[in-house]
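J.: Sequence:
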Amino acid sequence: MAKRQLLVTAALPYANGPIHLGHLVEYIQTDIWVRFQKLRGHRCLFVCADDTHGTAIMLRAAKEGRSEIELIAETQQEHERDFAGFGIAFDHYGSTNSDENYELCKQFWASLRAAGLIVEREVSQLFDATAGTFLADRFVKGTCPRCKSPDQYGDNCDKCGATYSPADLIDPVSVHSGATPEVRSAPHLFVELEQLHAFLAEWTQSGEHLQTEVANYLKGHFLGEPLRDWDISRPAPYFGFEIPDSPGNYWYVWFDAPIGYIASTWQWCKQHGEDLNDWWKNPETEIHHFIGKDITYFHTLFWPGMLKTAGFTLPTKVHIHGFLNVAGEKMSKSKGTFIKAETYLQHLDPAFLRYYFASKLGPRLDDLDLNMDEFVNKINADLVGKVVNLASRSAKFAARTGLAEKYPDDGGLFKQAAAAGEDIAAAYEHCDYAKAMRLIMELADRANPYVENAQPWVLAKDPARTGELQAICTAALNLFRQLVVYLAPVLPRLAEQCGELLGEKIEHWSQSQEPLLGKSVNAFEHMLARVKKEDVDAMIEDSKEKEACSTSTPEVVGSGAVSGASDPWKDSAEPLQAEPLAETCSIDDFVKVDLRVARVLSAEHVPEARKLLKLTLSLGGDVQKTVFAGIKAAYEPEALVGRLVVCVANLAPRQMKFGLSEGMVTACGPGGAEVYLLSPDSGAKPGQRVH
RNA sequence: GGGCCAGUAGCUCAGUUGGUUAGAGCAGGGGACUCAUAAUCCCUUUGUCGCGGGUUCAAGUCCUGCCUGGCCUACCA
1 MAKRQLLVTA
11 ALPYANGPIH
21 LGHLVEYIQT
31 DIWVRFQKLR
41 GHRCLFVCAD
51 DTHGTAIMLR
61 AAKEGRSEIE
71 LIAETQQEHE
81 RDFAGFGIAF
91 DHYGSTNSDE
101 NYELCKQFWA
111 SLRAAGLIVE
121 REVSQLFDAT
131 AGTFLADRFV
141 KGTCPRCKSP
151 DQYGDNCDKC
161 GATYSPADLI
171 DPVSVHSGAT
181 PEVRSAPHLF
191 VELEQLHAFL
201 AEWTQSGEHL
211 QTEVANYLKG
221 HFLGEPLRDW
231 DISRPAPYFG
241 FEIPDSPGNY
251 WYVWFDAPIG
261 YIASTWQWCK
271 QHGEDLNDWW
281 KNPETEIHHF
291 IGKDITYFHT
301 LFWPGMLKTA
311 GFTLPTKVHI
321 HGFLNVAGEK
331 MSKSKGTFIK
341 AETYLQHLDP
351 AFLRYYFASK
361 LGPRLDDLDL
371 NMDEFVNKIN
381 ADLVGKVVNL
391 ASRSAKFAAR
401 TGLAEKYPDD
411 GGLFKQAAAA
421 GEDIAAAYEH
431 CDYAKAMRLI
441 MELADRANPY
451 VENAQPWVLA
461 KDPARTGELQ
471 AICTAALNLF
481 RQLVVYLAPV
491 LPRLAEQCGE
501 LLGEKIEHWS
511 QSQEPLLGKS
521 VNAFEHMLAR
531 VKKEDVDAMI
541 EDSKEKEACS
551 TSTPEVVGSG
561 AVSGASDPWK
571 DSAEPLQAEP
581 LAETCSIDDF
591 VKVDLRVARV
601 LSAEHVPEAR
611 KLLKLTLSLG
621 GDVQKTVFAG
631 IKAAYEPEAL
641 VGRLVVCVAN
651 LAPRQMKFGL
661 SEGMVTACGP
671 GGAEVYLLSP
681 DSGAKPGQRV
691 H
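So the first sequence is residues 1 to 691, counted in my numbering.
Since the hints were derived computationally from the structure, they do not count as laboratory data.
Where hints are given, some of them may not hold.
Claimed, not checked - The calculated BS3-like cross-link candidates involving lysine-lysine, where the alpha carbons are at most 25 angstroms apart (straight line), are:
(1) Lys106 <-> Lys335
(2) Lys106 <-> Lys308
(3) Lys281 <-> Lys335
(4) Lys406 <-> Lys396
Said to hold, decoys possible - Label pairs and their calculated CB-CB ranges:
(5) Asp99 <-> Ser520: 50 to 58 angstroms
(6) Gly207 <-> Gly41: 27 to 35 angstroms
(7) Ala652 <-> Tyr297: 32 to 40 angstroms
(8) Pro187 <-> Glu496: 51 to 59 angstroms
(9) Gln271 <-> Ser206: 32 to 40 angstroms
(10) Gln195 <-> Asn216: 52 to 60 angstroms
Idealized CB from N, CA, C, for every residue including glycine.
Based on the sequences and whatever the hints tell you, model everything.
T.: Right, dumping it as structure tokens:
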């Protein structure tokens, strides 16, 4: 087989938070692929780095009263510790805040300028004079200019769906300081990506570089119309690199982040006396990016465009995966399913998660689900019961005899499993780890009955039959070792332990093709402990507690912080953080809103609507209102009929696709299935005003 | 509304270019063994292959319409 040269990257984690299990899907997926390629004898370099620039880092550092440099150094240390804990073996882990990255950014920039892709335009943006910074759209809140809903973000209204610029908001407020921002205009630099349209259409649609569903997505959503200019600069103050020919302006974090892939490679090259061009300007080198579906846009349009313009090698493949759900739902801090890497490692063996993810990961970008019962079962049944059991049931005997000189008749098992190697390798190569694990476990399923039939424990009692015993154990341990070679990309620690047991390191895929003979066998030591459900439960419990106390402090915006000392409920600070307090309003402002108790007379599904229920409310007497409420995911219509709710009774009626909505019912919660209607205490009567 | 994916045993899934009687693991039931981490082994129950049409000698597999779920996107709130 021709030796390939591969450069592999995983997405750069942002230096603004800890690694959690969702991140680890990607790093484990990538690490397995890299280990597989190395095991196959290819030259493979795995680089990554912390993504360190941008407004979020700058503001957090300010809030914590320290420098950005200090913050990103500390975060990077934590990230590297967590990755090491899960056996993610980067060849180099850098930072986007490096000299090499700045140097490369300048090169890319010069190329973009030379190609005539950069244009300058004035952009009006809200400016927070208190915090001294321009405000990205999501850092401004205010009242929607169209439907007058309060507390909307600066780019669009999640009540009426209007899109607008933050300057259009009524009574805008900076999320950072609570100050009223002012409109300031500043020159911004844009990349005219449309000039590369033909190239990007060809590159994305060639069928070679992207999963088909991704190619279709891009075709349908972006490439069908002119590509929009990309605003690539941010005015000072901004934590990042200043643009050399545009003083006072900084490259937007998404410009320098992917360049960090190259910068990290360069740092490795410097340390190892290699030439960067051999990796990034060499058509023989394959470049593979592993990313999550949320950053598809950047890696499949901007990034290839930048690489093409600057004369670097384009990615051979961009491998895109889905998100992680836990117990069938999005990870939730309050439910303890938002599990940090660090927390996991306090309770469970990283090998478990590596194997579990491997058994679930396919080549598509479907989301995957971490189901705790399945997790426990898979580890115990597959790894402990099937694979490791082969060694633990035969190694004790074999320690006495050593491995035979000649491989015994095992009914063709070793040969069959060796022949399966190419299928397993192909599954790894195509990122179909679920298939690879399935194939490997099929082999394991055949190995245990062999031992069962051979009854080594009977032979062990008869000294005259030591030769037979040795033969059986030689087969059993070789079948075990063969499985471990196939599993080595997923379970590197198990591969090491197998190497220690049999006195020969596992270093190459080809070791699965020939049995190991004539070696002594060391004393068997436990390789994997069974997973206990209690440990899993404890981890989840721990994730809940951690969250409750860790968020009470500095990040709460505008909190008159409740003292934590006498708070027996330990309510999380998350909801308030997710939606900071609105600007102070006067009593006069408040009385404009006429809240009334209302009884739900009827509630029905609106067949064409995804989120809406149609409610008929009574305000007493014969006053009724029809209201469309976005609570379909949370409530069954039948359950609402007869109950009292609080409605906004003087809201301007609004024509919706499905009819006229004459008010709204009050509810709280993040949305989706988590919506909680307000109810008055018993005794309230429809029509009464809420004061 | 548009795009993509999925729907096969109680659960998780396999099923290659259409080709015998649709499979595996787990769970359930019965038994065996005791080398092994209450591990293992043998036997065993369960299927309108989401639904309806069509192509074909032959459809889980191909085509088409529909239903359900997921993700994305848009619109409307």
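J.: Now look at each hint and say whether the structure bears it out.
T.: Evaluation of the provided hints:
1. Lys106 <-> Lys335: 46 angstroms, violated
2. Lys106 <-> Lys308: Given pair Lys106, Lys308 holds - Cα atoms ~15 angstroms apart, limit 25 angstroms.
3. Lys281 <-> Lys335: Violated, at about 48 angstroms.
4. Lys406 <-> Lys396: Holds, at about 20 angstroms.
5. Asp99 <-> Ser520: 50 to 58 angstroms: Holds: the Cβ-Cβ distance is about 52 angstroms, inside 50 to 58 angstroms.
6. Gly207 <-> Gly41: 27 to 35 angstroms: 28 angstroms, holds
7. Ala652 <-> Tyr297: 32 to 40 angstroms: For Tyr297 against Ala652, whose Cβ atoms are near 37 angstroms apart, the range 32 to 40 angstroms holds.
8. Pro187 <-> Glu496: 51 to 59 angstroms: For Glu496 against Pro187, whose Cβ atoms are near 57 angstroms apart, the range 51 to 59 angstroms holds.
9. Gln271 <-> Ser206: 32 to 40 angstroms: 35 angstroms, holds
10. Gln195 <-> Asn216: 52 to 60 angstroms: Distance hint for Gln195, Asn216 is violated at roughly 24 angstroms.
When held up to the earlier numbered hints, the structure conflicts with 1, 3 and 10 and fits the remainder.
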